[in-house]
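Chains as they are written, first to last, in our numbering: chain B, 2 to 294; chain Z, 285 to 520.
I should point out that these hints are in silico values taken from the structure, not numbers from a laboratory.
Positions of the beta carbon are idealized from the N, C-alpha and C atoms, including for glycine.
Mixed in with the good hints, there may be bad ones.
[Claimed, not checked] Listing some non-contacts, in silico: residues in chain Z with all C-beta distances to chain B over 12 Å:
| # | residue |
| --- | --- |
| 1 | ALA322 |
| 2 | VAL360 |
| 3 | ALA434 |
| 4 | VAL456 |
| 5 | VAL506 |
[As the list claims (entries may be wrong)] Going by beta-carbon spacing under 10 Å, a handful of chain B positions derived as facing chain Z:
| # | residue |
| --- | --- |
| 6 | PRO124 |
| 7 | PHE125 |
| 8 | SER128 |
| 9 | ARG131 |
| 10 | GLY133 |
| 11 | LEU166 |
| 12 | VAL185 |
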Amino acid sequence: MDIFIQQVVSGLATGGIYASVALALVMIYQATDVVNFAQGEMAMFATYICWSLLNAGLPYWVAFLSTLGIAFIGGVVIERVVIRPVENAPILSIVIVTLGLLVIFNSLAGWIWTYVQKPFPSPFPSSPFRAGEIILGAHDLGQINVTLFVLLCIYLFFRFTPLGLAMRAAAQNPVSSRLCGIRVGWMLALGWGLAAVFGAVAGMMVAPNLTLEPNLMGGVQIYAFAAATLGGFTSPGGAVLGGFIVGVVENLVGTYVSFIGTELKFTVALAMIIVVLLVKPSGLFGSTVVKRV
Amino acid sequence: MSALLEVQDLEAFYGRTKALHGVSFSMAAGGITTILGANGAGKTTTLRAISRMVRTVGSIRFEGQPLEARATEDVVQFGIAHAPEGRGTFVQLTVEENLKLGAWGRRERGDLAADFERVFGYFPVLRERRRQMAGTLSGGEQQMLCVARALMLRPRLLLLDEPSLGLAPMVVREIFRILRTVNQAGVTILLVEQNAALALDLADHVFLLETGRIVLEGPSDVLRRDDAIRRAYLGY
């Protein structure tokens, strides 16, 4: 039982990472119908920036918040400079552009910071948290809190602020939004900025467990795809829940199904994607989008 | 008297296809003008040209200011509200959120409470449904929401594209009754309609559009007696 609870909590911790990246994917997908394959690499790049700021001597949370700011600006600039010119291109062209971004960020990180693994600090105490027989990692708990806090902020932003409302409107119905005077192009750019922020949070939270290297987010991105597929690419809440489910399932299966262990955990995510696409392609909470052609 | 809206030699293009072939007209402030015409005559395109949603050549002036170089997002700032073809409902947002978006582009910000009261006064059913998703409304209610959303801008000029389309006659009469009230409150209306009988009743001035050209214009009570109009559009 103790092991079970420990595994669930650590599953929730990594699940929060997947949830953040999945939310970033879903946000961009809803606004632009594009899956951003570079989401994970953008997050990795942001994490390196944080690492550099820390090396320059900044205190952790100052570096953390500065990185979020830089990630936001970076996301906006990428949308304006790289995505905007291909906005009306066929969907496949845009997908190729995001794949190109993936390769560029990966190589750029390797070129600037080399491929040598770097330790990345956790802002949380290293001594584990004990409750009776159950031992929980302090970083895991801190990570869950940070993720939940970010998710809460973003929910409040979209639900209750005029700008959040305008962003939702621009994603749903660009033509009507323009007629209301909403600058749809900028709303999409803001969406990319926010998505980059979620990614950066995920990267900085996951890096202490994995050590920092240019392929930091490769696995996370796959799990995030599984999460978004499971919850539904049309449902932000579903994607978040999907993230936590994938995290927990991944951990429990790795612990209790002996032949899977740690080596085949990855396969579980891919199997989940396939099963969801076969059984309920719109995901648990997604709605089937009917497009008139 | 200077015109509120003045359109001169307007040509509009979809890709390389020309949809308007030199349309010129002007509208005084305060009235209701309607553009009649068959499917594909260019009625919707004329409204879309004013809202800068199609590529055009020619001049469009609102209170003397040129609109041609403006983006769609900027046209609302002149006080021009466009209730588009197909209603343009934000189906996954609540009625209240739809209305808030209608006020997004207006110059004077400030309290929306008075505006909500005003549009709920016109359309009481929207008050009952204010927390409901707009996609769950009936067609008539969505058309009301569309007009209400446009009114949230406190517009000087209201562009209406086929508000009667697909609605039951009773609902249509209700909406047209309210449009008259809205007009009496000082909003100039440019109405595009296929239902000529209804439009002629409401409007004081009429333009008849045929394949991208204005072929006839005049006060509606004169045109109602015109033989060509009667045969082609009123059916008696």
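How the hints compare with the structure:
Under the 12 Å C-beta cut-off, the non-interface status given to ALA322 of chain Z relative to chain B holds; the minimum distance is some 24 Å. Distance to chain B contradicts VAL360 of chain Z as a non-interface residue, since its nearest Cβ pair spans about 4 Å, not more than 12 Å. Consistency note on ALA434 of chain Z: stated as away from chain B, yet its beta-carbon is not over 12 Å from all of that chain's, at 8 Å minimum. Residue-level check passed: VAL456 of chain Z sits 22 Å from the nearest beta carbon of chain B, beyond 12 Å.
Every CB of chain B lies more than 12 Å from the CB of VAL506 of chain Z, the least distance being 33 Å, so the non-interface label holds. The closest approach between the C-beta of PRO124 of chain B and any C-beta of chain Z is roughly 38 Å, which is over the 10 Å cut-off, so the hint fails. Because the smallest distance between the Cβ of PHE125 of chain B and any Cβ of chain Z comes to about 38 Å, over 10 Å, the interface hint for this residue is violated. Hint status for SER128 of chain B: violated, given a least beta-carbon distance of 47 Å to chain Z, over 10 Å.
Given the 10 Å rule on beta carbons, the hint for ARG131 of chain B is violated: about 46 Å separates it from the nearest Cβ of chain Z. Because the smallest distance between the Cβ of GLY133 of chain B and any Cβ of chain Z comes to about 46 Å, over 10 Å, the interface hint for this residue is violated. Hint on LEU166 of chain B holds. Least Cβ distance to chain Z is approximately 6 Å, under the 10 Å limit. Given the 10 Å rule on beta carbons, the hint for VAL185 of chain B holds: about 7 Å separates it from the nearest Cβ of chain Z.
Hint compliance for this structure: hints 2, 3, 6, 7, 8, 9 and 10 are not met, and every other hint is.
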